[in-house]
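Top line first, the protein sequences correspond to chains W and E. Quick note: the first sequence uses my numbering, first residue 371, plus one each step. Quick note: the second sequence uses my numbering, first residue 5, plus one each step.
Calculated directly from the structure, the hints in this document are not laboratory data. Heads up, the beta-carbon is just placed ideally off N, CA and C, and yes, glycines get one too. Do not rely on the hints blindly, as some may be mistaken.
What the hints assert, rightly or not - So the derived list for chain E, only partly shown, Cβ under 8 Å to chain W, looks like this: (1) LEU16; (2) PRO22; (3) ALA27; (4) ILE28; (5) CYS42; (6) LYS47; (7) CYS71; (8) GLY72; (9) VAL96; (10) GLY97; (11) PHE98.
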Amino acid sequence: MPKIYLDYAAATPIDPKVLKTMMPYLKKEFGNASSIHAFGQRALSAIEDARNIVANFLRCQPEEVYFTGSATEADNLAIQGIVKAAKSRIAKPHIITSAIEHHAVLEPCQYLKKQGCEVTVLPVSKDGLVSLADLKKAVQENTVLVSVIYANNEIGAIQPLAEIGKFLKQSKTKIYFHTDAVQAVNYLDCNVDSLGVDLLTISAHKIYGPKGVGALYVRKGTAIEPMVYGGGHERGLRPGTENVAGIVGLGAAIKEVASPKNKIHNIRIRQLRDKLIKKIPKIISDIAINGSLEKRLPNNINFTFPGAEGEALLVALDQKGFAVSTGSACSSHSLEASHVLTALGLPEETAHSSLRITLGKYTNEKEIDIFVLALAKVVERLREISGYKTKTNGK
Amino acid sequence: MANNPYYSKEILEHFMHPKNLGAIKNADGIGDTQNMRCGDIMKVYITVEDKKGKTIIKDAKFETFGCGHAVAISDMICELIKGKTFEQALRVGFEDIKKAIGPVPPVKIHCATLAQAGVRAAIEDYQKKQK
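Assemble the whole structure, with the sequences as input and the hints as a guide.
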C-alpha cells in the first residue's frame, strides 16, 4: 500500500537539516537561557540567532519578534493582548475580523465579544476574498484591531493585506493590524512593512519545523499586554522558560524557507497542484473548485464532489494509504459544515462534500498520478453508496 | 488496512464492503431521512413477505450520503431488520447496532439515530401504501 501524504496544511515533516540544527539543544546544550553561566548563555545565543533569522525574514528588528508555544497562542496574544491594552483608553473596543479566519482568531474574538467588546466579521466573496470596501464600511471610532488571515488554511485564498494595511495607516485613531500568516510563510512575501501589518503570526510545524513553537511579530511601540505573567522572558510579553530546541528549529525552518532552493520547490509544487486542477475534472464528473484560482496558495486545492461525503472520502482514501483532509464537518469535533466553505456561499450539503488537498516539498509527480486514480475510484464508489449516480443517470 | 482507532475494523469493513448497498427496484417501502445538522442523508428500501400470517421484512437495502460510520451503520441496520416483523424491526436500537458492529464513538451516535429513522420511514411508507 502506498503512503502518500497530501495534508501539508495540517502538518509538515521536519526537514532533516532543521532537525540536525535542533539536536544539540535536545542533548548536551540543555541550559536555561536565563542562566548566567556558559550553559545558559549558549542557549540564549541560539535563541537570539533564531530571532535574527526570523527578523531578517520579516524585515523587522529582532526585538519585535516574540516566540510563543504555538501559532494559536500567538493569535490569542495578539488579539487579547491588544484589546486588553486598549481597554485602558476605550470602554468598548471594536475588533474587525473575517468570516474565513482560523479558529485561533475567531474564537478569541467570540470570547472578547462575550466580555463586552464589539466584533464585526467581514463577509467574503464567493472566491473567498475580503473586500477593502467592506472593511472601510466596518471601521468605527472605537475600532482598535483588524485581524485578517494572510492565506486561508482550507481554500488557500490570499487576502489583500497590503491594501488593507495602506488604508488602516491613514486612520486618524490608531487601528492595529494583525494577520495570521501561518499558511502563507512558505509561499508569500512576509515583509511586514510592505504588508502594513503591526502584528503577524507564524508557526514552525507548517514550514518543516517542529510542533509546539510559533512566533508573533509585534511592531515597536504597539500597545499590547501579556496574557500570562511570571518572569521576564520574551521581554515580559510571553514569560515562560524558552523552548530552546523548538525556537532553534523555527529559525532553521525559516532559513530554509528564505533559501533560493525553496523558490524552486514552490514552482514545482504549483505545477503538481495545477496537474490536479487539470486532471481531476477530466476523470471525475460533476465537480467544483472552492476559492479563487488566481489569489491562491500554490500548494492548495479544495474540491467539492457532490454525492460523496467529505469524511467518507477522507476515510476511504486513508484506507488506501492517502492522507488528505476535509473542510467538512462530520469530523471528530464538530458536525457542522466548514465555516469557510459556508462563508463562500456554499450550501451545507455541498460544503459536506469537500476535500482539501495540500502539497509540499516532498510531493512528487508519481504520487499525484496515483492519487488522482485512487480519488476517482473512491468518489465513484461513494456516489454509488449515496445513490448519487442514479440521480444523474435519471436525467 | 491502516489502523485507526477512531474507525474500528468492523466499521471500516462495513463501510468499505457494505453487503446491503443499493436501491431495490420494486421496493414495498422506501424511507428517506436526513440529519439536518450533519447533512447526512439515508434512504432505506424494504421488501416484505407473509410468513405464518405475519408480515416480515424480506430484504432491506440502503443508499447513504454520510461519513464512514453512517454508511457502516446503514449497512448493519439493514442486516439486522431482515426476517423481522415491523414491531421487531422498530425495536432495533443503538444497543443492538453496537452489539453487532462494535463500539461507536459518542459523536457518531446520531448516525444510528438516522438509520433507525430510515427504517421507521420505510415501514411507514409501506403501511401508507396498504391503505
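How the hints compare with the structure:
1. LEU16: 6 Å, holds
2. PRO22: Holds, because the Cβ-Cβ distance from PRO22 of chain E to chain W comes to roughly 7 Å (cut-off 8 Å).
3. ALA27: Hint on ALA27 of chain E: holds, closest Cβ of chain W at ~6 Å, below 8 Å.
4. ILE28: 12 Å, violated
5. CYS42: 4 Å, holds
6. LYS47: 6 Å, holds
7. CYS71: Given a least distance of 4 Å, the restraint on CYS71 of chain E holds.
8. GLY72: 4 Å, holds
9. VAL96: 21 Å, violated
10. GLY97: 21 Å, violated
11. PHE98: PHE98 of chain E check fails; min Cβ-Cβ to chain W is 17 Å, beyond 8 Å.
In terms of the numbered hints stated before, the structure departs from hints 4, 9, 10, 11, listed from lowest to highest.
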